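Student: Given the structure of chain D, go ahead and fit chains A, E and F onto it with the hints provided.
4 protein chains.
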Amino acid sequence: MARNYMLLPKHRLEAFSDAVLAIVITLLVLEIRVPAESAGLGHALLAEWRAYLAYLVSFAFVGGWWIAHNNLTRFVRSGTGAFFRFNLLALLFVSFIPFTASLMGAHGGDEGSRVATMVFGVDLLLASLTLSLLGRYVANNKEMVEDEAARADVRAFVRGRWWAIGLLVVAVAVDAVSSQTAVVLYLACAILFIFEPLIPRRSNASAGCGPG
Amino acid sequence: MARNYMLLPKHRLEAFSDAVLAIVITLLVLEIRVPAESAGLGHALLAEWRAYLAYLVSFAFVGGWWIAHNNLTRFVRSGTGAFFRFNLLALLFVSFIPFTASLMGAHGGDEGSRVATMVFGVDLLLASLTLSLLGRYVANNKEMVEDEAARADVRAFVRGRWWAIGLLVVAVAVDAVSSQTAVVLYLACAILFIFEPLIPRRSNASAGCGPG
Amino acid sequence: MARNYMLLPKHRLEAFSDAVLAIVITLLVLEIRVPAESAGLGHALLAEWRAYLAYLVSFAFVGGWWIAHNNLTRFVRSGTGAFFRFNLLALLFVSFIPFTASLMGAHGGDEGSRVATMVFGVDLLLASLTLSLLGRYVANNKEMVEDEAARADVRAFVRGRWWAIGLLVVAVAVDAVSSQTAVVLYLACAILFIFEPLIPRRSNASAGCGPG
Amino acid sequence: MARNYMLLPKHRLEAFSDAVLAIVITLLVLEIRVPAESAGLGHALLAEWRAYLAYLVSFAFVGGWWIAHNNLTRFVRSGTGAFFRFNLLALLFVSFIPFTASLMGAHGGDEGSRVATMVFGVDLLLASLTLSLLGRYVANNKEMVEDEAARADVRAFVRGRWWAIGLLVVAVAVDAVSSQTAVVLYLACAILFIFEPLIPRRSNASAGCGPG
Chain D
1 MARNYMLLPK HRLEAFSDAV LAIVITLLVL EIRVPAESAG LGHALLAEWR
51 AYLAYLVSFA FVGGWWIAHN NLTRFVRSGT GAFFRFNLLA LLFVSFIPFT
101 ASLMGAHGGD EGSRVATMVF GVDLLLASLT LSLLGRYVAN NKEMVEDEAA
151 RADVRAFVRG RWWAIGLLVV AVAVDAVSSQ TAVVLYLACA ILFIFEPLIP
201 RRSNASAGCG PG
Chain A
1 MARNYMLLPK HRLEAFSDAV LAIVITLLVL EIRVPAESAG LGHALLAEWR
51 AYLAYLVSFA FVGGWWIAHN NLTRFVRSGT GAFFRFNLLA LLFVSFIPFT
101 ASLMGAHGGD EGSRVATMVF GVDLLLASLT LSLLGRYVAN NKEMVEDEAA
151 RADVRAFVRG RWWAIGLLVV AVAVDAVSSQ TAVVLYLACA ILFIFEPLIP
201 RRSNASAGCG PG
Chain E
1 MARNYMLLPK HRLEAFSDAV LAIVITLLVL EIRVPAESAG LGHALLAEWR
51 AYLAYLVSFA FVGGWWIAHN NLTRFVRSGT GAFFRFNLLA LLFVSFIPFT
101 ASLMGAHGGD EGSRVATMVF GVDLLLASLT LSLLGRYVAN NKEMVEDEAA
151 RADVRAFVRG RWWAIGLLVV AVAVDAVSSQ TAVVLYLACA ILFIFEPLIP
201 RRSNASAGCG PG
Chain F
1 MARNYMLLPK HRLEAFSDAV LAIVITLLVL EIRVPAESAG LGHALLAEWR
51 AYLAYLVSFA FVGGWWIAHN NLTRFVRSGT GAFFRFNLLA LLFVSFIPFT
101 ASLMGAHGGD EGSRVATMVF GVDLLLASLT LSLLGRYVAN NKEMVEDEAA
151 RADVRAFVRG RWWAIGLLVV AVAVDAVSSQ TAVVLYLACA ILFIFEPLIP
201 RRSNASAGCG PG
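Residue numbers (our numbering), protein chains in the order written: chain D, 1 to 212; chain A, 1 to 212; chain E, 1 to 212; chain F, 1 to 212.
These are calculated hints, taken from the structure and not from any lab test. Bear in mind the structure is a predicted one, so any value in this text is a computation, not a measurement. Treat the hints with caution; some may be incorrect.
As the list claims (entries may be wrong) - Where chain D lies over chain F, by a calculated footprint (3+ residues, C-beta under 8 Å): (1) 95-105; (2) 110-124; (3) 189-197.
Stated by the list, open to error - Calculated from the model, a selection of chain D residues having no Cβ within reach of chain F, i.e. all distances over 10 Å: (4) Gly42; (5) Leu129; (6) Thr130; (7) Arg151; (8) Gly166; (9) Leu167; (10) Val177; (11) Glu196.
To be verified - No farther apart than 25 Å at their CA atoms in a straight line, the calculated lysine to any residue pairs in the SDA-like style are these: (12) A:Lys142 to E:Met6; (13) D:Lys142 to A:Met6; (14) F:Lys142 to E:Pro197; (15) A:Lys142 to D:Phe195; (16) A:Lys142 to A:Ala156; (17) F:Lys142 to E:Met6; (18) E:Lys142 to E:Gly160.
Virtual Cβ for every residue (Gly too), placed ideally from N, Cα, C.
Chain D with its partners taken away, still in its complex shape:
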């Protein structure tokens, strides 16, 4: 424990991140408008498909981000101050999603569509990138993980995410041509992040145990 004197316990980093992600994922529904029309309510509801799609993409993305964050922090014993600060930066981009998603929902069908989907895509990209960089930081800081095997596990986690991030870059670029296709690609990326296989752990890190 001698080297541990500048480390913060990880249970609050997990609790704080879980709460931020839970709020982001739940706030998204507040952006969906209840139609005022009573006659033809069914049609009015269906006409809002853009808002539901924005909700679904965002929910899937935040959900996948949360699983990846779980996947990463189970290898961490305790965190440096920089780890906590870096995690805050990653959460900054995630907590911006309710704004960028409602921007996309509001302007998806009009002249502002290209700008709106671009802003949304760049936000997803920054949130994904910072999480991968957070993983690299963990892999480069021996005192935060149990042993060499755990470091290799974290490196595998980071490697396994590059291609989905590459697809996000493509999606943002595609937005210059067609914002509709870009949204479909965002949904694809979000689903890929959710179904990204977990890293088989070689290390003895604390999965299955309580916080800490």
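Tutor: Just chains A, E and F now, kept in the frame of chain D:
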């Protein structure tokens, strides 16, 4: 622990689910409008009984869902990736409740009433079904539970919920005839879920202990 | 542990209650309107003193309720289903506070003032009463606490709250004469709940330890 | 443990504070308006830079406050009632930030600018001061920390924050001359709080372990 290498610790699944459910149950109150009338405020408040009823049904349903989720996860040691993803799907339907409840609250008394209560009921049904399927998934994955007794406990949990889900199906069907009766049946289902008896555990799973 | 087979672990009850209370206490600030006037903004801000007072009373009340809930659950080892359900009922009244507080904030100075402060006060009263009854329930259920000393501690907790609840009853009654005085009494009750001394524990319950 | 009889477990104080801070940091984004203009959406978005700046300053401040709170509570074993009450007071000022930040965002460019940035700055100052006083309280209460070394650590924590608080006082004073400069100084303070180095622990407090 050898088989455990692809499992995620359950304490974050519980913390995240608790936060999502706490937010959903608390956001519901934001849908109730403060009347602008100052003379006759009492009457104006009573005239909003539909909004209170929507609040009560939703609160009871989410509360009962939370207790059932507790009832289930106490048998789980740690989760596969699929368990985490399936749990997200179940939370998707729960986090949609503030929208469907406010839809029902807004259109309960007008032409849109049938559609609105139908959407609300289908949402409750999907949230209930996915939780039961989550239970089946746990029962079918030996590495997530302690022993055979715990699997039998989880199977009893799943079996004990079918009749309330059946009643929800009836309630949604009844909506085609009378949306008023449907709402009363939704309330009945929500209360039944809350008062559903806990499963007597035969296993030695970690109830009464800390997370994990 | 033989008797423990129908009990749920308490760490999720605490996590869920903490999240609900944190959301309620934080949502309250959303009810305060940003004045549109730019000239004389200072005066416009001061003119909203009713909203700040409603915020302060509610914050103090929810904060005190949270401390009392902490004070109670530290004696509990694990909960029956009824304990979880009763706790939900108590949270129902607490989570109604953002609505009743903004009702009082909006109508504090007009004809609706009496009704608005009455509704707010009755909400505080029901939230306080259900917490005390939750305490009585704990005291009457041997399997939820460690030993006889813990039961005596919980009984002392319940006894120590009756007089503040009595004062709340008086405040609600006073509202029939003067809603201004009633608000002052609500604030007094909220502060009394916050400063209510903790019960000196005779038992060896798990204060100072982790969840569980 | 004999002296422990009036202490509350710290895990709920941490969970409650984490939830409040997570909500505050996430609610901030709701204050940013989605522009209604579809032609020239890009320009309309850029024109809202004041709202983004308010978001960034607040996010950085709340994030830094959370890290400092982590830094402090890791030295605490369990809390007195006064510690819990004092922590609530500090959270009161933090949970007021969504209101004061949106006030600053709304009036940053008009006649009300001086008052709005002043109110925001005083809120940050009170939130910072109460956290430092909370640290002093811990340092003065032997029964809350492990040993003398931990008390010295907490005293170092408190000392290390005075200069950033001094800068906040300067920023509030500068607002009388230029509210623009004041906002820049608030951002500087927020960033300083985030990058404030952790205290090297001499004590054996529970960093790296689970709650408790």
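Student: A separate judgement is required for each hint: does it hold in the structure or not?
Tutor: Status of each hint after checking the structure:
Counting residues of the stretch 95-105 of chain F whose beta carbon lies closer than 8 Å to any beta carbon of chain D gives 0, which falls below the threshold of three, so the coverage claim is violated. Counting residues of the stretch 110-124 of chain F whose beta-carbon sits less than 8 Å from any beta-carbon of chain D gives 0, not enough to reach three: the coverage restraint is violated. Check result for the stretch 189-197 of chain F against chain D: holds, 3 residues qualifying (beta carbon to beta carbon below 8 Å, three or more required). With a least CB separation of 26 Å from chain F, Gly42 of chain D remains clear of the 10 Å interface cut-off, as annotated.
For Leu129 of chain D, the condition that its CB be more than 10 Å from all CB atoms of chain F holds, with the nearest at approximately 18 Å. The non-interface label for Thr130 of chain D is consistent with chain F: the shortest C-beta to C-beta separation is roughly 14 Å, beyond 10 Å. The Cβ of Arg151 of chain D sits about 17 Å from the closest Cβ of chain F, beyond the 10 Å cut-off, so the non-interface label holds. The claim that Gly166 of chain D is not at the interface with chain F holds, since no C-beta of that chain comes within 10 Å of its own (minimum 26 Å).
Listed as outside the interface, Leu167 of chain D is consistent with that label: its C-beta sits roughly 25 Å from the nearest C-beta of chain F, beyond the 10 Å cut-off. Even its closest Cβ contact with chain F, about 17 Å, leaves Val177 of chain D beyond 10 Å, as expected for a residue assigned away from the interface. For Glu196 of chain D, the non-interface assignment is confirmed: its Cβ lies about 25 Å from the closest Cβ of chain F, beyond the 10 Å cut-off. The hinted pair formed by Lys142 of chain A and Met6 of chain E meets the criterion: a straight-line CA distance of about 22 Å does not exceed 25 Å.
For the hint pairing Lys142 of chain D with Met6 of chain A, the CA-to-CA distance comes to about 22 Å; that is within 25 Å, so the pair holds. Taking the CA atoms of Lys142 of chain F and Pro197 of chain E, the gap is about 20 Å. The hint holds against a cut of 25 Å. Distance restraint check for Lys142 of chain A and Phe195 of chain D: the Cα-Cα separation of roughly 21 Å lies within the 25 Å cut-off, and the hinted pair is therefore satisfied. At roughly 16 Å between alpha-carbon atoms, Lys142 of chain A and Ala156 of chain A fall within 25 Å of each other, so this suggested pair holds.
A hinted pair counts as satisfied when its Cα atoms are at most 25 Å apart, and Lys142 of chain F with Met6 of chain E does not qualify at roughly 40 Å. In summary, the hint linking Lys142 of chain E to Gly160 of chain E is supported, as the alpha carbons are separated by about 21 Å, within the 25 Å threshold.
In this structure, the earlier hints numbered 1, 2, 17 are contradicted, and the remaining ones agree with it.
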